Amino acid sequence: MSAAEPLVEVRDLHVEYPGRDGPARAVDGVNLAVGEGETLALVGESGCGKTTLARTIMGLQAPTSGEVRFRGEPLVYSRRGMREHRRRAQMIFQDPTGALNARQTLYEAVAEGIRIQGLEGEEERLVADALSRAGLRPPESFFTRYPYEISGGQRQRVIIAGAMVLNPSLLVADEPVSALDASVRGEILALMLSLVREAGVTVLVVTHDLGLAWNVADRVAVMYLGRIVEIGAAEELLTEPRHPYTRALLSVVPETKQMEPQILKGETPDPTRIPSGCRFHPRCPVVESGEAARLGIEESCRGEDPLFLPACHAVRLASSDEHEAYLHER
Amino acid sequence: MTLLEVNDLHVTYAAGSGAPVPAVRGVDLRLDVGETLGLAGESGCGKSSLAAALLRLLPSGTTVTGDVLLDGEDVLTMKPGRLRAVRWTELAIVFQGALHTLNPVQRVGDQIGEALRLHAKGGGNVTKRVGELLELVGLPARRARAYPHQLSGGQRQRVLIGLAVACEPRLLIADEPTTALDVMVQAQVLRLLEDLQREFGLAIIFITHDLSTLANICSRIAVMYAGRIAEQGPNDKVFADAAHPYTRALAAAFPVIGDPAFRMRPSGLPGDPPDPRDLPSGCPFHPRCSEAIEICPRTPVELWPAGELREAACVHVSGAPVPR
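Taken in order, these protein sequences are the chains called A and B. FYI, this note's numbering numbers position 321 of the first sequence as 321, with every residue one higher than the one before it. FYI, this note's numbering numbers position 258 of the second sequence as 258, with every residue one higher than the one before it.
Please note that the accuracy of each hint is not assured.
Stated by the list, open to error - Which residues of chain B face chain A? A few of them, derived with a C-beta cut under 10 Å, are:
1) Leu3
2) Asn7
3) Ala19
4) Leu136
5) Gly138
6) Gln150
7) Asp182
8) Gln186
9) Leu190
10) Leu214
11) Ala215
12) Met264
13) Leu269
14) Pro287
15) Arg288
16) Cys289
Said to hold, decoys possible - A few chain B residues that face chain A, going by a derived Cβ cut-off under 10 Å, partial list only:
17) Ala40
18) Asp272
19) Trp304
It is worth saying that the hints were derived from the structure and are not from the lab. Model, not experiment: these values are computed from the prediction. Using N, Cα and C, we set each Cβ at its ideal position, and we do this for glycine too.
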């Protein structure tokens, strides 16, 4: 990433939801910067906090502590502040059918944002332009149609048109293709890529699909239980993952055939009871196989929160060994 | 040994006052004992209608013709009592949405127990058997007391699989069993199905829109398009070198991570699946096919030989009896 100021910056962000068994720490200390024009994929399993992080960046969720900055300025959570934020940051969701009002024409669906922002003067031109950029051509032929008259892929295009109609700087896409058929998936991802190239929009795409990250993302951040555990350029992170969690995730994706599948036991633990030390240690293959004990770091894994990236004591030890060997050779 | 034989199966839905909808238009399938067949295709290709027809789960008013022979006995003409005996003990199904399939106000152990009491051969201690089944699918026996909402999506899917195999069926139909699940949980469920198949010689028909999940689990793959099989053959061959352009497009939709050909190049298939009431002439895939030639819109296609143990419904395959 360049030295230029990031478009979005997240600093020591914590988001907690109250619960009967104490607060659920959905986002538990995240630092992240997304550069202008960059596409960042935020990947992880259900319950890792990726959607909460995305919603907090959108201002749909207030942080418990920490802050979100947009072009260097902290978000303002007033009605006016949020209306302004909506003009520069838009979000699309997984299920396009649920996101569209069944009784509204496609024109109305796309025009809604323009009206809220009080830009009615150019409404028709903006709607036509947005539909056309989203690949719905000729746009006029879609104006008076209803969501049930078009296919699922076309509905997601309408959603994208509605999000892009105000020319936002940031597009947050939460699982944009996981409800769509395989054949449509590629078409929608290609559309997102073309928007990045033509409109220079910055994209934060939230997904559990690592193949999608390989398809569209410049950088990938892997989240586990409220924390980013590894981040890096897509080419490196997806071909040479370092954190044991990233390695396990990649090994079970059917699209990576060269790796021996490493199926972790259990599911993401409960965010009301985040394990001590490294939060991944109860499922970590390095700990389970006895490798951590052999390396003499098991105690750290169980008791010391790795506040560095990749967030793994074993990886840190290996890189310091490599560093020493390198110095020694010289 | 043949377990299931499907001959010229047609499923046509009644559509009120409108024209009937032909969802499955002449499918032949064969499945050996203990074999795993993957059935892939987009939404609306007829794969779930085919699965429902095998178990006779279609709504009344639906016309089903052809034969579904299970050990030589036609499921489609079975009397209700016989059908009831065959379901669960011979044939079982696992659906996609585990939350909607389980009864929300009944403990999961009781739901499995009910199936055992009503269908299982022989008696035995039902509570003990429920515990064993839960452990078989990787859940602690004490989870029998849980209600569906107290379990995660992956755990519920495990319960459904436990339920499906409770009466030791010989054929399991798994309709998108992992679609709503996370990658890691998906891998766990696939591993579980593989184990069950190995351990009990269970035959599985695995239905999905995601060709890549079939890669490791199936010995044979059939790809459906517009109510018919477009291509079928051994798993590795179909993956490595698909004969039908549709299969190639479907496979390309899931990128190979690390392969530069897919980096920043998502690939899809333009257009939508055809309306079953208004199918294109000739090859139904021709309007979306990147390799369509002049004869495609007027040449009716059927499965032609396309190499060893392989067939594809495309004028480009070696066995196609058409001038090229």
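Against the structure, the hints:
1. Leu3: 26 Å, violated
2. Asn7: Interface hint status for Asn7 (chain B): violated (29 Å vs cutoff 10 Å).
3. Ala19: For Ala19 (chain B), the interface hint is violated, since the closest Cβ of chain A sits about 18 Å away, which is over 10 Å.
4. Leu136: Violated - the Cβ of Leu136 (chain B) stays beyond 10 Å from chain A, reaching only about 16 Å at its closest.
5. Gly138: Holds, because the Cβ-Cβ distance from Gly138 (chain B) to chain A comes to roughly 9 Å (cut-off 10 Å).
6. Gln150: Hint on Gln150 (chain B): violated, closest Cβ of chain A at ~13 Å, above 10 Å.
7. Asp182: Holds, about 4 Å.
8. Gln186: 7 Å, holds
9. Leu190: With a closest approach of 9 Å, the Leu190 (chain B) hint holds.
10. Leu214: 8 Å, holds
11. Ala215: Hint on Ala215 (chain B): holds, closest Cβ of chain A at ~5 Å, below 10 Å.
12. Met264: 7 Å, holds
13. Leu269: 4 Å, holds
14. Pro287: 13 Å, violated
15. Arg288: 8 Å, holds
16. Cys289: Violated. Min distance 12 Å.
17. Ala40: 9 Å, holds
18. Asp272: 5 Å, holds
19. Trp304: 24 Å, violated
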